[in-house]
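Participant: So the protein sequences, as listed, match chains W and L.
One point on numbering: in the working numbering, the residue at position 15 of the first sequence is 15, and numbering is uninterrupted.
Here the working numbering runs 298 ahead of the position in the second sequence, where the first position is 1.
Rather than coming from a laboratory, the hints here were simulated on the basis of the structure.
No residue lacks a Cβ here, since even glycine has one placed at the ideal position from N, Cα and C.
Careful, some of the hints might be misleading.
[Stated by the list, open to error] Subject to a maximum C-alpha distance of 25 Å in a straight line, what follows is the list of computed DSS-like cross-link-like pairs (lysine-lysine):
no.	chain 1	residue 1	chain 2	residue 2
1	L	Lys390	W	Lys161
2	W	Lys224	W	Lys12
3	L	Lys434	W	Lys2
[Said to hold, decoys possible] If you anchor each label on the Cβ, the simulated ranges turn out as follows:
no.	chain 1	residue 1	chain 2	residue 2	range
4	L	Met349	W	Val92	28 to 38 Å
5	L	Phe448	W	Pro191	16 to 26 Å
6	L	Phe448	W	Val205	49 to 59 Å
7	L	Lys415	W	Lys234	37 to 47 Å
8	W	Ile70	L	Glu419	24 to 34 Å
9	L	Lys351	W	Glu197	29 to 39 Å
The chain contents come next:
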Amino acid sequence: MKHLVSIEDLSKDEIIKILNKSEEFEDVALGKRKSRILESKILANLFFEPSTRTRISFETAMKKLGGEVINVSAQEASSMAKGETLADTVRVISNYCDAIVIRHPLEGAARFAAENSNVPVINAGDGAGQHPTQTLLDLYTIKKEIGRIDGTKIALVGDLKYSRTIHSLIKALTLFNTKIYLVSPPILDLPVEFIDELDGDIEKVELESVIGEVDVVYVTRIQKERFLDEEEYKKVAGSYRITIETVKRMKDDAIILHPLPRVYEIAIEVDYTKQARYFKQTFYGVPVRMSILTEVML
Amino acid sequence: MKELVISKIRDGTVIDHINAGKAILVLKILGIDENTKETVSMVLNVPSKKMGKKDIVKVEGLFISEEKLNKIALIAPNATINLIREYEIKKKFKVKPPEIVKGILKCPNRLCISNAKEPVETIFYISVKNGQVVAKCHYCGRNISDLTKFIV
Ligand SMILES: [Zn+2]
Chain W
1 MKHLVSIEDL
11 SKDEIIKILN
21 KSEEFEDVAL
31 GKRKSRILES
41 KILANLFFEP
51 STRTRISFET
61 AMKKLGGEVI
71 NVSAQEASSM
81 AKGETLADTV
91 RVISNYCDAI
101 VIRHPLEGAA
111 RFAAENSNVP
121 VINAGDGAGQ
131 HPTQTLLDLY
141 TIKKEIGRID
151 GTKIALVGDL
161 KYSRTIHSLI
171 KALTLFNTKI
181 YLVSPPILDL
191 PVEFIDELDG
201 DIEKVELESV
211 IGEVDVVYVT
221 RIQKERFLDE
231 EEYKKVAGSY
241 RITIETVKRM
251 KDDAIILHPL
261 PRVYEIAIEV
271 DYTKQARYFK
281 QTFYGVPVRM
291 SILTEVML
Chain L
299 MKELVISKIR
309 DGTVIDHINA
319 GKAILVLKIL
329 GIDENTKETV
339 SMVLNVPSKK
349 MGKKDIVKVE
359 GLFISEEKLN
369 KIALIAPNAT
379 INLIREYEIK
389 KKFKVKPPEI
399 VKGILKCPNR
409 LCISNAKEPV
419 ETIFYISVKN
429 GQVVAKCHYC
439 GRNISDLTKF
449 IV
């Protein structure tokens, strides 16, 4: 049985296969073509913590392919969690559906769920752990908006220490021939142990020194809770903010991505520049999740 | 320095060259406790040419499996095993860390599913980096380098 728990479970070829298939589903996502490929299949969204956008994205993908969705809300899931173990919940739910999408606050929960499930499990984020569908849609966005992944230069900006999105993305990017620039305040640097495990072209830089040459600026949120005082936070967040001035120094065909929700790290005016592709990125989540759903269920 | 000669046992397992102070953890890994019927002796802080100080464990009348013994490598990578039969060494080997360890280790990450109230056994992937044994959690991916702290 195929599960999607971690991006590291996929080879480069498997990633490329999912991305190619996503392209075929774009028409369906846009409503230009109808598909009933997942007719009579049921997807269970098992969310132990709320993540409305991820849930809706899966639901849309499933329904546009003719499938049905059961939503177990965070509230229902957590009241279930009080009475029984995750193992039992998954054993029960997996008898009612053809695949499970799980979101859970604990790291490794998706792997453990997969081990206890009769049906494929897709990880939609487990604590600070993995979020592979986000990584696949990030890769897909780069492929579509730049035209390729191999050979691209990418600046990762913001919280590189705690962001699971970043950790998964870096691992995937190193499979492709990319140049990765790390841009973060020292207290939010990518952990050294993490860098040691990587095999890729990675360099810590100031955004200023690479902004004119990168193809992708991937921005993540710097959370206030990471700082002792408000003033320190404001100072740091301000200096890593993407503004119109930043965009002016970017290449004409370069793009800005963000896993969203965006708070302060990208100025609103930037939304209207052609480099801003973070809303397009959320659209791509639908064909990519269609591709993943068919990959695990068919 | 004069090395201590291990007083001979007739049949059983002698574990030598255990890092000083780790003999008690070795017994724990082997599952030897107050319910064990065999005669078990433990010598701590024995002077050693190679190691400065070392510990030795002897278990009489019991041939512990190689698989079990190799788990000792997690905390005592230099340990050597002597399997004794009729006062003679029948087999001698150095422990090798296993590739996968189930149970024994506890994940240091308190937000790891393996630390939740679930029917779950810990699984760690073992590797040796710069002569040091490192364990990676199957569930959360966290690495442990000081393994002695996380033996349960
Ligand atoms: Zn763990």
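Participant: A separate judgement is required for each hint: does it hold in the structure or not?
Facilitator: The hints, checked one at a time:
no.	hint	verdict
1	Lys390/L with Lys161/W	47 Å, violated
2	Lys224/W with Lys12/W	36 Å, violated
3	Lys434/L with Lys2/W	23 Å, holds
4	Met349/L with Val92/W: 28 to 38 Å	54 Å, violated
5	Phe448/L with Pro191/W: 16 to 26 Å	19 Å, holds
6	Phe448/L with Val205/W: 49 to 59 Å	37 Å, violated
7	Lys415/L with Lys234/W: 37 to 47 Å	41 Å, holds
8	Ile70/W with Glu419/L: 24 to 34 Å	30 Å, holds
9	Lys351/L with Glu197/W: 29 to 39 Å	34 Å, holds
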